[in-house]
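S.K.: Here are the chains, one letter per residue:
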Amino acid sequence: MAEKDSKDTSRRSFLHDGLWGISMAALGSLAGFAFSRTAKEKTVWQIDPYKCTCCGKCTTECVLALSAVKCVHVYAMCGYCELCTGYFDPDPHELDTGAENQLCPTGAIIRTFIEDPYYSYAIDEDLCNGCGKCVKGCNAFGNGSLFLQIRHNLCVNCNKCAIAAACPSQAIKKVPADEPYILKQVG
Amino acid sequence: MRRKDLLMTILGVILCLTAIAAGQTRRFPPPDFQSGYEMPTTETPPPDADFYEYIAVAVLAAALGVGTYFIFVKRSRKYAWALMIFSLAFFGFWRMGCVCPIGATQNMAVSMFDPGYAVPITVLIIFLLPLALSLFHGRVFCGTVCPLGAIQDVVLLKPLSVPFWLESSLRLLGYLYLGLALVLAITGAGFIICQYDPFVSFFRLSGNFGVLAIGGAFLIMGVFIGRPYCRFLCPYGILLRQLSRLSKWKVKISPDECVKCRLCEDSCPFGAIRKPTGEASSEELAARKKILAVLILLFPFIVLAGGFGGSQISGLLSRSHHDVRLADRIYLEESGQVEGTTDESEAFRGTGESIESLYELSAEIQAEFSRGSWILGGFIGLVIGGTLIKHTIRRNSDEYLADAGDCLACGRCFEYCPRERLRLSKLQEDKQVLYG
Ligand code: SF4
Ligand code: SF4
Ligand code: SF4
Ligand code: SF4
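Protein sequence lines, in the order shown, are assigned to chains S and W. With our numbering applied, the first sequence covers 1 to 187. With our numbering applied, the second sequence covers 1 to 436.
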């Protein structure tokens, strides 16, 4: 009986050691294989402004309480229009900064008089919620100098961006961390 | 006639003219400023430097090392608990949970199948370290380092015991979750482990209502049932469980020998302690042998049945992929079965891509899903068959043991053991002798 027991145990420990070795080897080759494909540099999520359709999901889907997506302005593309269709409601009462005239629901766009007849438009990112209403307006009747981008000082770089999962235009992709923005080009 | 209307008309005229002239962009030329105004440049705040990722990896490695020391050498629940709280703060609230080894399972799976998908080296290490350690020291990661485990551990106040059969059955959910997550990740449908991570929204102190509610439900459940996510769902826990079974050194309730005093019997809130079995009667052994023979004969059929069952939900699963849903929608719109459009279909039409190629893509993805769901189903069959066989094989033991797969290395049971108390009081004495 004792002999059978010890045979049993030694068989068991042999099996055990074998499986242990196999698992170690499996982990090792997994590591090696994955290592051959690892990226040297970090990647981050970004919106392709040419694909984005300003659906509004960026405001609601981001895991942060206030979305990491903000409206971004490439000034060199802007016409500095007095009647900015990104700033004003399609039916403004007056061309002034009254809240009832503005498209932006949070009043995040700062309109400043530069010289006749030009006005500059800047985004207060503490207020912007990335809804893209202004972007839509600017694309429709303006130069398209306003567009949405994920701000990397705010984004926590989720393993899978929650907005990317919900984006109807599949506009969000991974980009290298040393070129973390896709800015529109003057063209 | 108001100014606004006039403006709009002028605007309209300009628009038409410029739109024709310039195609789509640049309707208004850049102004020629006279006042010396300088155009601001667009700010582009950079992401955190890689450096922080390496810190996280270093802290993970250190925490695993210290955790192993606390559980295997110090054998102290108090120290292990302190480390667990630190991990909860660091990996949970400071790092906000991302990337964690659990979610990294998906990245690893994708990189195996998609040569274009590169996993950052830090993610690779984060995924591998706890697994490698489990081959030596079991689930030290679960007990002392994992923030998801930690948040459940701190709410565990009134542990109830879960009957063994229920525990074994519920555990199947974890395998299902793992298999499903891998299929959905590899086919490109999404990362469900991240999407439905119940606790990460607590770590970020924000998140959508649905996920917060799931997390809340888990925590309320967790007051009475020790770490429900860990035991019944965690996909990474499944990997750790299997590797820990083979670990070189296992967590031991008693520091040396079990005296069968039964004091530790109910000390594990995770149902990981196995009682001594005693000698089996020859009738029992014979009966078990018979069941085993039947099970081994049935095994291939269980796997096949699983695969067949899986293949039945292939269509349903494939609908979780964006492109499949989109193709279905476009088809309905094209054939006039639905009115109107959705954000998705409008965006697709805006790109000007051909509908035919979308249909082709969708068909390809569906084929992938049908293969994937056969494998998923077969895998579940394999697990069910394997579990039945495992429970039929009798393992003799004449002491109280922590089951290597189930034990989360929390250290709770140690202090129940009189041999442990003896060890501690001896240590105390030695100290007194040494220091007077
Ligand atoms: S979810 Fe996609 S389409 Fe919608 S606003 Fe964000 S990037 Fe644009
Ligand atoms: S990665 Fe996360 S934090 Fe960043 S934009 Fe996407 S959901 Fe928001
Ligand atoms: S089972 Fe999963 S969630 Fe639980 S502690 Fe282990 S890795 Fe973390
Ligand atoms: S260390 Fe003890 S109490 Fe903790 S999980 Fe393992 S067996 Fe259970």
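The set of hints was computed from the structure by calculation and includes no laboratory data. The structure presented is a predicted model; accordingly, all values stated were derived computationally and were not measured. Every residue, glycine too, gets a C-beta built ideally from N, C-alpha and C. Accuracy of the hints is not assured; some may be wrong.
Stated by the list, open to error - Simulated restraints on C-beta separations:
id : chain 1 : residue 1 : chain 2 : residue 2 : range
1  : W       : Tyr331    : S       : Gly98     : 12 to 22 Å
2  : S       : Glu94     : W       : Tyr117    : 36 to 46 Å
3  : W       : Tyr331    : S       : Asp89     : 14 to 24 Å
4  : W       : Glu353    : S       : Thr38     : 50 to 60 Å
5  : S       : Asp96     : W       : Ile214    : 30 to 40 Å
6  : W       : Val338    : S       : Pro105    : 29 to 39 Å
7  : S       : Thr38     : W       : Leu205    : 38 to 48 Å
8  : S       : Asp178    : W       : Phe301    : 46 to 56 Å
9  : W       : Leu361    : S       : Glu94     : 32 to 42 Å
10 : W       : Ala217    : S       : Phe35     : 45 to 55 Å
11 : W       : Ile313    : S       : Glu179    : 40 to 50 Å
12 : S       : Glu94     : W       : Leu205    : 34 to 44 Å
13 : S       : Pro105    : W       : Asp266    : 37 to 47 Å
Stated by the list, open to error - Computed far set for chain S versus chain W, every beta-carbon distance over 10 Å:
id : residue
14 : Phe14
15 : Ala39
16 : His73
17 : Val74
18 : Gly107
19 : Ser120
20 : Asp124
21 : Leu127
22 : Asn129
23 : Lys133
24 : Ala165
25 : Gln170
Unchecked claim - Here's a subset of chain W near chain S, in silico, CB distances under 8 Å, partners left out:
id : residue
26 : Tyr37
27 : Val119
28 : Gly190
29 : Tyr196
30 : Leu424
31 : Ser425
32 : Gln428
S.K.: Look at each hint and say if it fits the structure.
M.R.: These are the hints, each one checked on the structure:
Distance hint for tyrosine 331/W and glycine 98/S: a CB-CB separation of about 47 Å, inconsistent with the stated range 12 to 22 Å. Glutamate 94/S and tyrosine 117/W have their C-beta atoms about 53 Å apart, which leaves the hinted 36 to 46 Å range violated. The beta-carbon spacing between tyrosine 331/W and aspartate 89/S, approximately 38 Å, falls outside the hinted interval of 14 to 24 Å. For glutamate 353/W and threonine 38/S, the Cβ-Cβ distance of about 32 Å falls outside the hinted range of 50 to 60 Å, so the restraint is violated.
Aspartate 96/S and isoleucine 214/W have their C-beta atoms about 47 Å apart, which leaves the hinted 30 to 40 Å range violated. The hinted range of 29 to 39 Å is satisfied by valine 338/W and proline 105/S, whose Cβ atoms lie roughly 31 Å apart. At about 32 Å, the beta-carbon gap between threonine 38/S and leucine 205/W misses the expected band of 38 to 48 Å. Restraint check, aspartate 178/S to phenylalanine 301/W: a C-beta distance of roughly 55 Å satisfies the suggested window 46 to 56 Å.
For leucine 361/W paired with glutamate 94/S, a C-beta distance near 50 Å fails the hint of 32 to 42 Å. Between alanine 217/W and phenylalanine 35/S the Cβ separation comes to about 39 Å, which falls outside the hinted range of 45 to 55 Å. Between isoleucine 313/W and glutamate 179/S the CB atoms are about 41 Å apart, so this pair conforms to the stated range of 40 to 50 Å. Checked against the given bound of 34 to 44 Å, the beta carbons of glutamate 94/S and leucine 205/W, roughly 41 Å apart, stay inside it.
Between proline 105/S and aspartate 266/W the CB atoms are about 57 Å apart, so this pair departs from the stated range of 37 to 47 Å. With a least CB separation of 13 Å from chain W, phenylalanine 14/S remains clear of the 10 Å interface cut-off, as annotated. Not every C-beta of chain W lies more than 10 Å from that of alanine 39/S, the closest at about 4 Å, which undercuts listing it as non-interface. Non-interface status of histidine 73/S relative to chain W is broken: a Cβ of that chain comes within 10 Å, the nearest being about 6 Å off.
The Cβ of valine 74/S does not lie farther than 10 Å from every Cβ of chain W; its closest approach is about 5 Å, which violates its non-interface assignment. Non-interface status of glycine 107/S relative to chain W is upheld: no Cβ of that chain comes within 10 Å, the nearest being about 20 Å off. Remark: the non-interface label on serine 120/S conflicts with the geometry, its nearest Cβ contact in chain W lying 8 Å away (cut-off 10 Å). Non-interface status of aspartate 124/S relative to chain W is upheld: no Cβ of that chain comes within 10 Å, the nearest being about 12 Å off.
The beta carbon of leucine 127/S sits about 16 Å from the closest Cβ of chain W, which is more than 10 Å, so the claim that it is off the interface holds. For asparagine 129/S, the condition that its CB be more than 10 Å from all CB atoms of chain W holds, with the nearest at approximately 13 Å. With a cut of 10 Å on Cβ distances, lysine 133/S stays outside the contact zone with chain W, its closest approach being about 15 Å. For alanine 165/S, the requirement that its beta carbon stay farther than 10 Å from each beta carbon of chain W is not met, with the minimum near 5 Å.
A Cβ of chain W approaches the Cβ of glutamine 170/S within 10 Å, the least distance being about 6 Å, so the stated non-interface status is violated. The beta carbon of tyrosine 37/W comes within 5 Å of a beta carbon in chain S, closer than 8 Å, and the hint placing it at the interface holds. Look at valine 119/W: its Cβ gets to within about 6 Å of chain S, closer than 8 Å, so that hint holds up. Annotation: interface hint on glycine 190/W holds; nearest CB of chain S at approximately 5 Å, less than 8 Å.
The restraint placing tyrosine 196/W at the interface with chain S is violated, with a minimum CB-CB distance near 11 Å, outside the 8 Å limit. Checking leucine 424/W against chain S: minimum C-beta separation of about 31 Å lies over 8 Å; hint violated. With its C-beta approaching chain S no nearer than about 33 Å, serine 425/W sits outside the 8 Å limit, and its interface hint is violated. For glutamine 428/W, the interface hint is violated, since its Cβ never comes within 8 Å of a Cβ in chain S; the closest pair sits about 36 Å apart.
In summary, the numbered hints that this structure violates are 1, 2, 3, 4, 5, 7, 9, 10, 13, 15, 16, 17, 19, 24, 25, 29, 30, 31 and 32.
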